[in-house]
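Add chain L to chain W, keeping to what the hints say.
Heads up: the protein sequence lines correspond to chains W and L, in order.
First residue of the first sequence: 3, per the numbering used here; consecutive thereafter.
First residue of the second sequence: 3, per the numbering used here; consecutive thereafter.
Note that these hints are calculated values from the structure, not bench results.
Take the hints with a grain of salt, since some may be wrong.
For identical chains, the list gives no copy identity; a pair is met inside one copy or between any two copies.
What the hints assert, rightly or not - With a straight-line Cα cutoff of 30 Å, these simulated DSS-like cross-link-like pairs (lysine-lysine) come out:
{"no.": "1", "residue 1": "Lys324", "residue 2": "Lys229"}
{"no.": "2", "residue 1": "Lys254", "residue 2": "Lys105"}
{"no.": "3", "residue 1": "Lys66", "residue 2": "Lys224"}
{"no.": "4", "residue 1": "Lys34", "residue 2": "Lys66"}
{"no.": "5", "residue 1": "Lys324", "residue 2": "Lys143"}
{"no.": "6", "residue 1": "Lys229", "residue 2": "Lys260"}
{"no.": "7", "residue 1": "Lys330", "residue 2": "Lys43"}
{"no.": "8", "residue 1": "Lys105", "residue 2": "Lys229"}
{"no.": "9", "residue 1": "Lys260", "residue 2": "Lys66"}
{"no.": "10", "residue 1": "Lys229", "residue 2": "Lys43"}
Number of protein chains: 2
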Amino acid sequence: MKRREFLKKAGVGLGASAVAMPAIAQSMPEVKWRLQSAFPKSLDTIYGAAEVFARYISEATDGKFQIQVFGAGEIVGTFQLADAVGNGTVEMGHATMYYYVGKDPTFAIASAIPFGPNTRQMNAWLYEAGGQDLLNEFFAKHGFFGLVGGNTGTQMGGWFRKELKTVQDLQGLKMRIGGLAGQVLQKLGLVPQQIAGGDIYPALERGTIDAAEWVGPYDDEKLGFNKVAPFYYYPGFWEGGPALHFFINNAKWNELPKSYKALATVAASHAGIDMTAKYDAKNPAALRRLVGAGAQLRPFSQEILEASLKAANETYDELSAKNPDWKKVYESYRAFRSEEYLWWQVAEYTYDNFMIRARARG
Amino acid sequence: MKRREFLKKAGVGLGASAVAMPAIAQSMPEVKWRLQSAFPKSLDTIYGAAEVFARYISEATDGKFQIQVFGAGEIVGTFQLADAVGNGTVEMGHATMYYYVGKDPTFAIASAIPFGPNTRQMNAWLYEAGGQDLLNEFFAKHGFFGLVGGNTGTQMGGWFRKELKTVQDLQGLKMRIGGLAGQVLQKLGLVPQQIAGGDIYPALERGTIDAAEWVGPYDDEKLGFNKVAPFYYYPGFWEGGPALHFFINNAKWNELPKSYKALATVAASHAGIDMTAKYDAKNPAALRRLVGAGAQLRPFSQEILEASLKAANETYDELSAKNPDWKKVYESYRAFRSEEYLWWQVAEYTYDNFMIRARARG
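The shape of chain W in the complex, shown without the other chains:
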């Protein structure tokens, strides 16, 4: 029997069953997987990370471990992706896990909830403070295993047709907003809308919605929101440091030899740090172009931020009272965030503060 045929019959790459293979086959078996991204191919930043991941894995194995990458909706809908990976329809996905708050709000903590840690703090919790281990206990109940795979940086608060000054201005405001933020802001009268990326622009243009948040300058510019909703608010306080995950069907992950697990882990980190670097490198010029094209930059008022923080903490207490998974993961996350900001205000923040003011003076 030829080696490739043996491996196929043994189920590697097809995943029919986990098998014990001879050592030589284990080291570099032929594996072919499909990965669906939660994002459209037009987003070279966030979709691009899945391509980077797959390319390095293929290169490092001389093409023996191949992962074909699909854009949002090409196999299943983005909001069905967690189920599709859990039941093995596709081997793996790449997403901001807050897309799956409908299944369980605990998924939101894996990515971002309002007033969470910033990007580096989130990485620190995930990699070095047991965050990813806690999440993987939870993910296992849904049939998959997660690897940290990127972060967008603090997002923008989105595009508004009218200026926003007081909490009163949120009353009845129809806004496209993702994750747990809609549930939080509903407490302040906002009417959250779930709308896929491509449908946001026409909804804003027709006035079906009053506001929409997407990501940040570089991604937002592609969708052209500034033309129909000129007020561009910051910061996106519901996405202070949104993490992405590569997530893999449990059985498929367990079938991989140790060597491929190690490779996938480091390739996910590389795709992740490279994604954040892409956002950080591309956002400044995009922001300049947007402002040049008429976008009106506005900070959220202190009143809105304070009221939103209060609403967020109420929401988190309610969830802790009824969802043990949420409670377990959230308590670790909240305690870590508080310690982090204690330290952050010393070296990091003071340094950024001086640099920003020095730059402003030229």
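Coordinates of chain L only, in the frame set by chain W:
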């Protein structure tokens, strides 16, 4: 001839010559390298990154690509490490490249110079704005190739026996300080000292020096500086986002098959993001312990920061006038930093600002 013997004779792992190998041998040859870190094994954070790098490479290749890691000074002195890698005495090193400013000040830009970009901005420049490509052109002249491999975050400004208020207080101050910062602060009367990690404590205790900077709370705590120099200043404005590099002898790097190059690249990124996460996760509790043990936290005065910035810019102009490598790399770095801070003040800084103030209020 057995496969392993063939590979040995062909020089793989011994590096006698670059050879064309049959495809199957190219994919996973036996390679054994030595890596010396610029840091002592006691620093699980910054030394530990080299161990993480080596462990994942070994796992991903079933032990076929093995890198043995040595601590500072175990093969050559830390300040000789760049030469040792360049001439092939050891295959690779891991360091903050500003240790090699004595060879060429351009090395400092690869790690940190006073008032440089912060950690994420530095990653963005290196990975996505051509920074690492420019550095690799420069590194090639010294015989090696670099991979981005970590960042400590903004460091602390160090430990001082006396309080520091005005620029006048820097006059004659003998300080252990690394990289290009000593040269900059000399313009303000400071007397920089080059002292290895283990010798700093006795020098401070005896009063041979007046101040010393090392890294940040977690690493500094291990050396016990707070007992002999209680004033702990921030931020370390000469290390706003110090990058680390894995650097590899040119010939050894070129000998690697494409698969191992891909693996080393992603393993370096993983070791890097994990190092930053370790610092971010461990510094908060260490800072609490240091303050509990009597450390007096102090921000540098605005006067000292302003005068240091002026001295830094003068130094950079002088270097640009006489060193073409410096000029080429610095111009890319400076322009990028300015763009980054334009964007940073919008979403990231505003978010951190709110979170820090909300935390302080409880």
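Which earlier hints can't be squared with this structure?
Hint check: 1, 3, 6, 7 and 8 fail, others pass.
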